[in-house]
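Trainee: Taking the hints into account, I'd like the entire structure generated from these sequences.
So the chains spell out like this:
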Amino acid sequence: MADKIRIATASLAGCFGCHMSLLDIDERLIDLVAHIEFDRTPLTDIKQIGRCDVGLIEGGVCNAENVEVLKAFRRHCNLLVAVGACAINGGIPAMRNQYSLTECLEEAYLHGSGIDQPQIPSDPELPLLLDQVHPIHDVVWIDYFLPGCPPSADTIFTFLDELLSGKPIRFAYRQIHYD
Amino acid sequence: MHTVQENDPSNLLQRLIGLQQAFRHIPSDAIDHLAESLGLSRAFILGVIQFYSFLHSSPRGEYDILFSDNITDQMQGSRLLAQRLASKLGVDIGRTRDDQRVTLDYTSCTGMGDQGPAALVNGHPITRLTMERVDQLAALIEQAVPLDNWPAELFQVSAGVERRDIVLNSDYKPGTAILRCLEEGAEELLRRLEQAGLRGCGGAGFSTAKKWRFCASTESAERYVVCNADEGEPGTFKDRYLLQAHADRLFEGMTLCAAVIGARRGFLYLRGEYRYLLGPLQQILQQRRENGLLGQAILGRDGFDFDIDIHLGAGAYICGEESALIESLEGKRGIPRNRPPFPVTRGYLGMPTVVNNVETLANAALIAQQGVEWFRSVGTAQSPGSKLLSISGDCERPGIYEFPFGTPISEILAACQAHHTQAVQIGGAAGRLIPPAEFNRTLAFEDLATGGSFMVFNQSRELLNAIDNFTRFFRHESCGFCTPCRVGTAMLTKQLGKVMVGHATSKDLDELGTLGSLMRQTSHCGLGQTAANPILDGLEKFPDIFQSRLRSTSFEPAFDLDASLEEARAITGRSDPGAHLEGGGV
Ligand SMILES: Cc1cc2nc3c(=O)[nH]c(=O)nc-3n(C[C@H](O)[C@H](O)[C@H](O)COP(=O)(O)O)c2cc1C
Ligand code: SF4
Ligand code: SF4
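Chains as they are written, first to last, in the numbering used here: chain A, 1 to 179; chain B, 1001 to 1586.
These are computed hints drawn from the structure, not numbers from a lab.
Mixed in with the good hints, there may be bad ones.
25 Å max Cα-Cα, derived DSS-like pairs, lysine-lysine [as the list claims (entries may be wrong)]: (1) A:Lys167 x A:Lys4; (2) B:Lys1494 x B:Lys1507; (3) A:Lys71 x A:Lys47; (4) B:Lys1541 x B:Lys1507; (5) B:Lys1541 x B:Lys1494; (6) A:Lys167 x B:Lys1494; (7) A:Lys71 x B:Lys1507; (8) A:Lys4 x A:Lys47; (9) B:Lys1494 x A:Lys71.
Mentor: And the structure:
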């Protein structure tokens, strides 16, 4: 048997919903695990990414750390996949794009209701926020896009399954259309 | 006969345009009142207001100034002029000044390409703008001089005919064609149009006789004839000239069509930018009524009743598409319908409707008067007759040109005295970009078809600016109904922007190509299907202008990574290494 396919995943500006959907593959995970192994992912808690075949990215790019992680993924993964609406379009986090960053931070940390000791956090440990939230293809080249919020477990499974088979990837209509 | 019911919902758009003119916006209580009296929901009315660029729900300034933003205006320095006016008046472009005195903004091509840079002031065109004129405007506005008292020469729109051929050289006598039609019968007229081979001048070139015959053959109690005077294609202004100088011909053409298809009511759909022609056109209609050429029993023929209403558009290019135009005539947002059914079977209010371009109808009247041989004396076998061109851009003699079909592009360029030509955009933003190697191609439906726009670019121009201008035009004018066009036009603009600022790699060009052909194949109407033409043509005919701006890396971010942290650095006062990002792609 050929070597196992090595997969890394990351959640950038996302809600982990897409990762939950990955886990929702349920018992088929057992079949999959025979063919894949995980590198850096929140599931393994490995912090540094190594050489991988596939990178799955959930969430858009909202801060400097997201940029670094995404670039590291691009350097280490042969194929990079945008998983879910946030990775593809910026999604919910990108709703802040209609306000300036200053307005957002002032609302959240200075003028919002119920704030004790108003101050905008600043610490070298904290990644700085970008002025806009971006879809991940604004920062690196993306090979595949899996639409959905989140894409269903079935869609993710089909994607990995077809990828493993080496065939062109095909989906049933309902797996990638939401009309 | 042509009773315009005040409380007919199909009157909504016309009522809104009236309100906008009277109150500089559509007041909220007026919306409630309209909703009540027309039996429409408030949301529906708001939807219509938001759809049309010239309707607003918050007040515009007393002087509402829109600079025409076509590439030809820009090439004549319009953007600098707009900025100068903005700084003189102390107002940002796109804003209304705090004292409500003035609003400044850009708008799509206003149809004055041969006498630009142009602008609209409260709907009235101002042409040939210069620094002096801009200063003059600023003074008039600051002194609050009523528009009626502004110097008349500001509003001068010249005819600018540079070349005449069979059509513009012919005399036309009002009523001759109608009389002949009444004497010889509608079938004979149709036969004549068929033999003359008249084809639609709006761009698509469909046989006019066939369209009329088709409509006439439908089973229906009512039929309508509509003249498409929306002329929104950037760089076109030949219909403006016809409406200004030869409206009688076009009304005669509409009346002939009415005789053929049995219509009792017709509409002229006049783009909002040409509102200044409304008064003169209405006078001509009135005169025709007085001369028995419109109204009851035309030329004494019992039962031949026909009249024409003029409906205004309100700044939406998509309303030139015939089914969107009909929606707009019905008072709604101009969203293209599914076709088929075509308007000839289900058009205005669901009734069979002929929609023809201004030039087509004017030509029909002349053919009826002058005969088949006259029309066929010029042109080619498949494209008989002549075509009016609106020539603008880099040439010494911009203006209206009538050329026989079959004329090579090189001859047209020589006639308008264009030198060192780098490219011609023929057929407007939705048309084709033609490099010098193809200047031997000809003006004809079987070769280079055009609704009439002909924009010339000399070698000193950055063609990418033109391509960018057209792409932005489509993004602005996309009606938003279907995803490939609504999203696609935005993605094209963004992706092209990446090329323009030098952030793109060859992968981005591939993306542009893929996106463009996707839009061509999957968009709902002609707008989305042609919106990528400028980019696709550019990539094919002028690859160097793209290639020379590419990065050699495999991929570059769409924005400046480190600069996007600037605001956060300023807020937090940080400058440690973690507060910066390396630029560049992976
Ligand atoms: C996006 C779009 C815009 C159009 N704009 C115009 C226009 O401004 N004037 C026009 O006559 N035809 C325009 N057309 C073409 C009309 O849909 C229609 O074909 C034409 O009015 C038919 O008249 P004809 O047969 O006399 O050419 C447009 C088409 C599309 C798809
Ligand atoms: S796409 Fe939906 S589920 Fe996935 S991260 Fe975004 S919000 Fe969460
Ligand atoms: S192609 Fe564009 S203009 Fe045409 S229906 Fe779709 S969104 Fe509207």
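Trainee: Please go over all the hints and tell whether each is borne out by the structure.
Mentor: Results for each hint:
{"no.": "1", "hint": "A:Lys167 x A:Lys4", "result": "holds, 17 Å"}
{"no.": "2", "hint": "B:Lys1494 x B:Lys1507", "result": "holds, 14 Å"}
{"no.": "3", "hint": "A:Lys71 x A:Lys47", "result": "holds, 15 Å"}
{"no.": "4", "hint": "B:Lys1541 x B:Lys1507", "result": "holds, 19 Å"}
{"no.": "5", "hint": "B:Lys1541 x B:Lys1494", "result": "holds, 21 Å"}
{"no.": "6", "hint": "A:Lys167 x B:Lys1494", "result": "violated, 33 Å"}
{"no.": "7", "hint": "A:Lys71 x B:Lys1507", "result": "holds, 17 Å"}
{"no.": "8", "hint": "A:Lys4 x A:Lys47", "result": "holds, 20 Å"}
{"no.": "9", "hint": "B:Lys1494 x A:Lys71", "result": "holds, 22 Å"}
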